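Could you build all of it, start to finish, from the sequences and the hints given here?
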Amino acid sequence: MQVVGVATGGLFGEDTTAQLERFVAQTNVTFPVGRDDAGTHRRYPTANSISPFPLDVVVDKLGNIAYFNRAFDPESMKAVIQSLIAQ
Amino acid sequence: MLLSSGCTEAKAPCAGVRTSEVAGQAVTGADGTIVSAQRYEDPLVQLSRLDGSTFVEILEVQAVGDRVFFCSGVKGLNIVDVSTPTSMKTLARIGSSLGSTRYPRCQHLAVEADNVFISNRGDEIQSTSFVAAFDRDTGAELATYTEPDHSFEGLAAAGGYVFAAAHDQGLVVLKVGENSLTRVGGVGALGNAWNVAHDGEHAYVADSDGRLVIVNVADPTKPVVASVLEIGGSPQSVAIDESTQTAWVAAGSSGLIGVSIANPSTPLVVAEADTPATALQVALDDGHAFVADWNDVRAYDVSQPAAVALVSSERIDVPQGFSRVLGVGAANGTVFMGEWTGLYAYRFEPSVTPDIWAAERSIDFGAVPAGSTATAALILRNLGQAPLVAWDIATTDAAFSVSQTQLVLGPGEADAIEVSFSPGNDDEQRACLAVRSDDPDDQPLVIELGGNLPSLGVGDPAPDVEVQLVGGGTWRLDEQRGKVVVMAYFATF
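Which chain is which? The protein sequence lines are A and B, in order.
For what it's worth, my numbering labels the leading residue of the first sequence as 1, then goes sequentially.
For what it's worth, my numbering labels the leading residue of the second sequence as 1, then goes sequentially.
Possibly wrong hints are sitting among the right ones.
Stated by the list, open to error - List of simulated lysine-lysine pairs, DSS-like, C-alpha gap at most 25 angstroms:
1. B:Lys483 <-> A:Lys61
2. B:Lys483 <-> A:Lys78
3. B:Lys175 <-> B:Lys222
Hint data in this document are derived by calculation from the structure and do not stem from the laboratory.
Here the structure is a predicted model, which means the values were calculated and not measured.
Now the structure itself:
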């Protein structure tokens, strides 16, 4: 399984590399983190919410979307991941 | 899976079922017995929402007597009169001096005597990390403290000192003067010091690397580590219950963890209560712990730490569809929930009730051709301590159907119902699944349903993604074929 943190432009402009480096240092994130300058998060449905984040996307081994959620729901995500890994 | 703009749209067709009667409904359980739905009193009843709050990103809440203090990510420090919880009033909003006039940020706070202290870790809004002191009544700024290479996070205040968690710089101790904050001590190498509580002679540091670090601060100028306990998760907040000598830790993905601190040199984990999302802040009031768990607030009976029990969970019904609760405070039987868009007050009166919980609040069936059927399993769980009776499980559109219309779940039990989508055409379709039960506050539980939606959906090929990595290099999604990939989109604001 591959996990990646995808930073996007926030309310205040694009995240700069320096800000991301500080975020990674503060949170001790253990998986790769970087910037998506193309804004692919905008292609997913957006609920009538003030903030579109977080957005979690699970992609299966064939490159298809298996799950996405703008509400944090680790239990559901875990179930989907375990099912996909077993396939 | 969450659907496009579905929350408000999907609620409309469900509005009519909100007034249904509860008592007397009979349901046949799995073993053939007849079970009647009961009428329960809701342990958590909403009293009010603070007027004027629309986008406040509440990050931390402290309730002290008839005042609530909360940190907002974009509107600074807020002081609220809660002497009448049904009608909360903002007394002060302190923001103009917090660095960014447009989005003044306050991340953590502590209150002692006439002062309130706040911290900012330093980010894209306010590049400088600081600790600041204010007069709690007038809002006047008294002092600010910064230190090179220090990023300040959670705070505690006691005895004229401020104890500040400072990530890899450990714990910093500041002495509070009339108009000054002066560093008088510190201890480093505490992992990733994220937050801190103080009680007696000790500071209790939540190390987000999965540890609780207890520091002897009997002499604040010479703090000494008394013990380090591995507790797991990502500790975010600590609260001390002196009556049971227990430190309660909101430990992120590990939920609520109770640590006996009867002997601070040899602390012991005595309680673990898993939470569905991520436990961010814990507050104590009269033998109960209240946990801000991102999606909801959970109330636990912690009067006997070894037998911690969930009393209730509350998911705030908000116009934007789903709520996020990052902070919680409690005092005098009232719980103050820091929701993304505003502060809510709830009356808390513990009682034994059922508590329905769904693994998902929306189901996207993806692209389903006319004439075919797609199915999804919806897991329902009873988190409460009384049996749950659901007597009417139904959808608002015939294209969507459910495998069963009734359900009985004992305390802690879970079951899955099958939800199907059988479209008669290829048009976009949305509907609502309503589960009417004797849970006193989720009445009904509403699940959004959708299929053939125009934007990206489950089953669609993922778009190309190219990520410029911190530390150098490029990550591409199309190079991950053969692997299951999790992409966590976020922003650092």
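Now the hints, each set against the structure:
no., hint, in the structure
1, B:Lys483 <-> A:Lys61, "holds, 5 angstroms"
2, B:Lys483 <-> A:Lys78, "holds, 15 angstroms"
3, B:Lys175 <-> B:Lys222, "holds, 13 angstroms"
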